[in-house]
Amino acid sequence: MSASATSAESTSFAARINHPAARALIERHRLRWWEVLPWIAAIAGYFIFPGYLGFGTELLVAILFALSLDLALGYAGIITLGHAAFFGAGAYTVGMLADHGVWSEPITGLMLAALVAAIVGLLSGLVLLRTRGLTLLMLTICSMALLEQAANMAHDYTGGFDGLPNLPITPIFGVFNFNPLYNNTQYLYALAVLLACFVFVRTLVYSPFGQSLTGIRENLLRMHAVGAPVRRRLIICYTLSAAIAGIAGGLWAQVNAYVNLSSLDLDRAATVLIVLILGGYGRLYGAFVGAVVYLALEHFLARIYPTAWQLGLGILLVFIALFARNGILGLGEALWRRYGGRHKPSAPS
Amino acid sequence: MDFATDLAGIVLGGLSAGTVLFVVSVGLSVTMGLMGFVNLAHGAFAMFGGYVIVLAMNRANIDFVPALALGFVVTAALSVVLERLLYRRLYRAGELDQVLFTIGLIFIFIAGITIAVGPESQTLELPPALGGQFNLGFTHYRTYSIFLIVVGLVIAFGIWLVFERTRIGAQIRATVDNRRMAESLGINVDRLFTITFAFGSGMAALGGGLGAEFLGLDPQYALKYLVYFLIAVSVGGLGSVLGVYYAALLIGVLDFALKLYLPKGGTIFIYVLTILLLLWRPQGLLGRKET
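So the protein lines, in turn, are chains A and B. Each residue of the first sequence is one higher than the one before, starting from 1 at the first, in this note's numbering. Each residue of the second sequence is one higher than the one before, starting from 1001 at the first, in this note's numbering.
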């Protein structure tokens, strides 16, 4: 270790920059050719499967929600089972504003959803992120259940158990209407929102801020030791993650034109966790892979064989937890390293 | 008079519901405290045990008390198999893997029971001796509730006695406090894990059977009451038997009082109180501070 360090110091700058570790660090955040593939696939899907655009929209919302969780859980290592709290906060913001005739413009609606979810995330983060482990897990579940109960109680504003159906959402830019029968507008709108949020998250995780989040996840003590403001960074990360989850929730409410308690329940929080882990967390594209696989299986299997679907999902989760802790992308990477060509340097574990 | 009846209803009903909560959760508390394992599937063991007990009574005409014993034994045996084969591989894994694994187990249990028994709710017929009303002098109350409260007291005292006065109890306490030190002293921690896991799952089964009469029993049971079990454990304090007992009784009484006086979503206060308490004491009421 020390021998290689001294030899690196004595060699020239060019040799040092060609060191594999240096190359890996320099190239880590570079855009790769395959990163355009998901977007090409999404646009191609629009033309190839016009009959499945409703499903496609649902998929895009799920990806966005899982992406928000990836920021908190995958990068900062905040283990939460209450992320639906922010999804629901965003969904109810859009829903309540539209239903009571206050605000029904979609794009600014999403911004408001993000703002409200961010406030919820900031307030809960200030309080919850003081704890760790099981206590944190419990507190996230409890605060989500709290919001769900509050939404259930405030019947006059939230519609209670029945939720708010038939939300009047005005056309985008006053032109493109949300037609409940044809999901073309919804699909493209959701795709645009996802792209914008993805660019933001990608930039964030490769920024120094994002790197310090990974540091906190990997070695909390060392980050404290080097003087990183750990708690502040975690709270900021949690707030941003909440804001994106809020956008996902707002989007969900807009494209479906309804909002109900299912946006806030444990089921949704568990599902998004499963989607992210299935794809592989802490690697941005895990959200994409996980959502496609999970929703496709659910869409085609769950309707026909609901019980077999649940059994299969259970077995799959047990299998992932025991043998494939980095999800599908992690499995693919391991296979690639073993049988594929050159060594791939950037692999967050 | 009316208020006295209300009060008796809240206290006795709450204590009996709290007892069931305690019997189910105590195993979860001990295994979580001992192994640091986030076992969300604990409610699934309670459900499984409940089904064994109810089916034994309804289909095989076994009496209530022997059926409870059968449920305890069968569930404990199943949990030993699962612990040996699967759980122990994840003791050193992160919480995330444990959460995922146990959610997967919950799904398997729910689907398995739906396939084997059916999605409909099962009903438990109490033996005639436990049905009806019991005269307390100042008021009448359901005999079964009184029975539950007494059973809960006996179980809590029994477990406390084992914890405080026996060799294995001392070993468990030592391992909860400092696992490495306990191992160094020659305590067979592996065996301790298996024994407590089996016992905890058996207790969950007992709780599933005892509570089936008023909580109902359907395949969603494992998820429906999970949050309550987790609240009881984290409020009481991991690894603390008396802590869970007090927490469960408190939650039971509070729940009954809130349902009576604030029928619309009074449970919100339970969540608020849980959050406040965990912020004040992250280790729970009687839990030991993390080192």
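I should point out that these hints are in silico values taken from the structure, not numbers from a laboratory. Note that the coordinates shown come from a computational prediction; the quantities given were computed from them, not determined experimentally. Here a beta-carbon is modelled for each residue, glycine too, at the ideal position from N, C-alpha and C. Any given hint could be a false lead.
Just so you have them, the derived chain B footprint on chain A, three or more residues with Cβ under 8 Å [unchecked claim]:
no., stretch
1, 83-91
2, 95-108
3, 268-278
4, 307-313
5, 328-334
Now the in silico label distances, taken between C-beta atoms and shown as ranges [as the list claims (entries may be wrong)]:
no., chain 1, residue 1, chain 2, residue 2, range
6, B, E1164, A, H29, 55 to 65 Å
7, A, L297, B, V1065, 38 to 48 Å
8, A, T307, B, R1167, 40 to 50 Å
Inset, instruction - Could you tell me which of the numbered hints above are not met by this structure, giving the numbers in increasing order? - result: Violated hints (numbers, rising): 1, 2, 5; every other hint is consistent with the structure.
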